[in-house]
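There are 2 protein chains.
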Amino acid sequence: MSATPPEASSTARRLPLPNPFALTTGGQLWGAEVAVETYGTLAPSRDNAILVFTGLSASAHAAAHAGDPSPGWWDAMVGPGLALDTDRYYVIVVNSLGSCFGSTGPKSVNPLTGQVYGGDFPELRVEDIARASQAAVDALGIDTLHATVGCSLGGMTVLAHAALFPGRARGMVSISGAMAANAAAIATRSLQREMVGSLLKAGADTALVEQAMRWARKIGILSYVGSDLLEQRFGRDQTEPYSGRGSGTDFEVESWLEHLAHKFVRQFDPWSYWTISRAMDLFDFGAFGVAAGADGLQHRGATDTAAAARRLILERALVIGVREDLLFPVEQQREMGQVLGESGVDCEYVELSSAYGHDAFLTETTLFTPVLSEFLECIGANTAQRSRILHPLGTNING
Amino acid sequence: MSATPPEASSTARRLPLPNPFALTTGGQLWGAEVAVETYGTLAPSRDNAILVFTGLSASAHAAAHAGDPSPGWWDAMVGPGLALDTDRYYVIVVNSLGSCFGSTGPKSVNPLTGQVYGGDFPELRVEDIARASQAAVDALGIDTLHATVGCSLGGMTVLAHAALFPGRARGMVSISGAMAANAAAIATRSLQREMVGSLLKAGADTALVEQAMRWARKIGILSYVGSDLLEQRFGRDQTEPYSGRGSGTDFEVESWLEHLAHKFVRQFDPWSYWTISRAMDLFDFGAFGVAAGADGLQHRGATDTAAAARRLILERALVIGVREDLLFPVEQQREMGQVLGESGVDCEYVELSSAYGHDAFLTETTLFTPVLSEFLECIGANTAQRSRILHPLGTNING
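Protein sequences appear in the order of chains E and X. The first sequence begins at 1 in my numbering and counts up one residue at a time. The second sequence begins at 1 in my numbering and counts up one residue at a time.
These are calculated hints, taken from the structure and not from any lab test. Certain hints may be false.
[Said to hold, decoys possible] Covered, in the sense of this in silico footprint (three residues per stretch, anywhere, with C-beta under 8 Å from a C-beta of chain X), are these stretches of chain E: (1) 194-205; (2) 213-219; (3) 251-262; (4) 270-282.
[Claimed, not checked] Calculated lysine-lysine pairs in the DSBU-like style (CA-CA distance at most 30 Å, straight line): (5) E:Lys263 / X:Lys263; (6) E:Lys263 / X:Lys201; (7) E:Lys201 / X:Lys201.
Predicted model only: the values in this text are computed from it and were never measured. Each residue gets a CB set at the ideal place from its N, CA and C atoms; glycine is no exception.
This is chain E alone, in the form it adopts within the complex (with noise of 0.2 Å):
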């Protein structure tokens, strides 16, 4: 572990990975690295370190700092006197291996044949991850983690670093995620690749596969936010001039969705977006708790959750789960802190409601603010019981 000065100020750099960093399917990875960013101060006794996992198109950006002054996607969580208290903790956010904003993806060169990965991306998993974002928290000297935070596809991959690594967090938080996708969720991500996998397959032009792109952001908006949302914003109302024909703009609320795919396509990459929302399907925490089958499938129920969190090794946990989620609904997030609290993890399970549903850690930060910083104080405190903090939409799985 090659440990590097800790750093007064937020800064973005990249990190080698080891070499070749072996994925867990058997693919290979040569020079690959992840880029990341700090926020706030690591401690001389190094021990104030949160690590943040994204979802699944977020880049290590999560707040704007003196080095890139642009708008981060997290601005209000992490920053001085913020949930990710800034003054307090040293945050680190790493762009997930496979993604398009620095780390290593099918959009970097492969330096074994000079070409752009592309579809030859090696298939990757939700636990590669978590082991390359472990990897830059050891190049950056850290032992032990005061905790892990995630939301979405991040609240996945606390899960399985905390598997991979027990011992390594003290604290784990789980926002909006879900020891596996469940099978609508599954189909729904599977609908979007194929759109976008099959024209890139296919080799065909940018602008199908950007018109794909846009499609397949468009099915993700309407299953991140709640219908009632859209029933408040925009309800029927019509756009103006009226488009008679059919351009696609007779009501607002499909101007609106034009708008925020439109701004998706030119900044995420196809193939990215394609491995990591395969990644997530194929994502399962219960596979922890068994041997691998005979025939290399996985069987309803043959996977055992409660078996492989009674593996882990965590002081608390805290889920987070929201009412209106349509992607990864609430039962799931409760099921989660239920085999968490069961296994002995102290956890809590706070349920929110916002009409943003799968989206609300992103805007309704408010809400999430309270319970997020009260549970990262609690870590390490000398607590005589476990914890037992109420919240007023919430419930201690243990209380």
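Put chain X on the given structure of chain E with help from the hints.
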């Protein structure tokens, strides 16, 4: 009104529409016709006819009969002793104007040009579907219908029919319909139309259009069935043999979706799909309650469903909603029942529960049968008071 003699057996035929047939927003169809199937016998008193309005993609072939023994889409509901009891009622099912199963639609040849309409088919509204079907009723020499019954789009069309032809039906049944689509349903269908329409308009080859139709259908299926159903049926079951490189069949739920979508594509005309889908989004029952706005636009709150309902002349109405319906949320159907009930219509509202969600009327017919047959029986029965029928999962709006 030219009367044809009542028929003793189920038959399929095409009935000509008034020529030209004027559409709501100014278009005209020359030589238009609708495909009609009738089941049962028209009584000498001509008062036992039930007109069925279908969902977006259904034909007039609701049930198998001697002339066409292929399965109908509502075989379990239309026949002797069934909910639409052909021993008692003369059931008329019309293929919607704009569809592609015998009625004039985008796939038809425009007699003025000798060309297939395709994208030149004039703008269609739900009101036009109601008018064309009523023209068929006129052609059959029926003055007053015992009832209209409609599911999904049909559950909107019954409202259009009731508003356009007050007193021409004694009863009305809306199943999984709405007074107007909500923002999420508009957004979903808009995306489906964009996929199919953009390729059609670009003159893309059949294979690409079929691919878009497959994708649009998958979005549709995911909006019809509840996620609980997918979870119960498929969970995370993987396909065998494991495809490894993500051909789109990692999971059973993906294969199932592909199977259904593939089946649909060759059955339904893409321009019909586009045209009727848009009609669904533009329908607004409340527009019958207000004069047209000065700017021709609908503004939030500008339509008046209560005023529209007060213009209806109906003996009884039945509104059936399904709690798990994602596309036509049960709140919308409860609201329909309330608006009708408050307008003075003797309206019963029944809420059912089925994991099949929006598709329940096609699959869970045993839930619908008692509700529907009891209601149809009460129409015209000289009850001294308003209907008080109660069902396990039902509430009486006037009760």
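Okay, the hints, checked on the actual structure:
1. 194-205: It holds, with 4 qualifying residues against the three required.
2. 213-219: holds (count 3)
3. 251-262: With 4 residues closer than 8 Å to chain X, the region 251-262 of chain E meets the three-residue bar; holds.
4. 270-282: holds (count 4)
5. E:Lys263 / X:Lys263: It is violated: about 34 Å lies between the C-alpha atoms, which goes past 30 Å.
6. E:Lys263 / X:Lys201: 24 Å, holds
7. E:Lys201 / X:Lys201: The hint holds at about 24 Å.
Hint compliance for this structure: hint 5 alone is broken.
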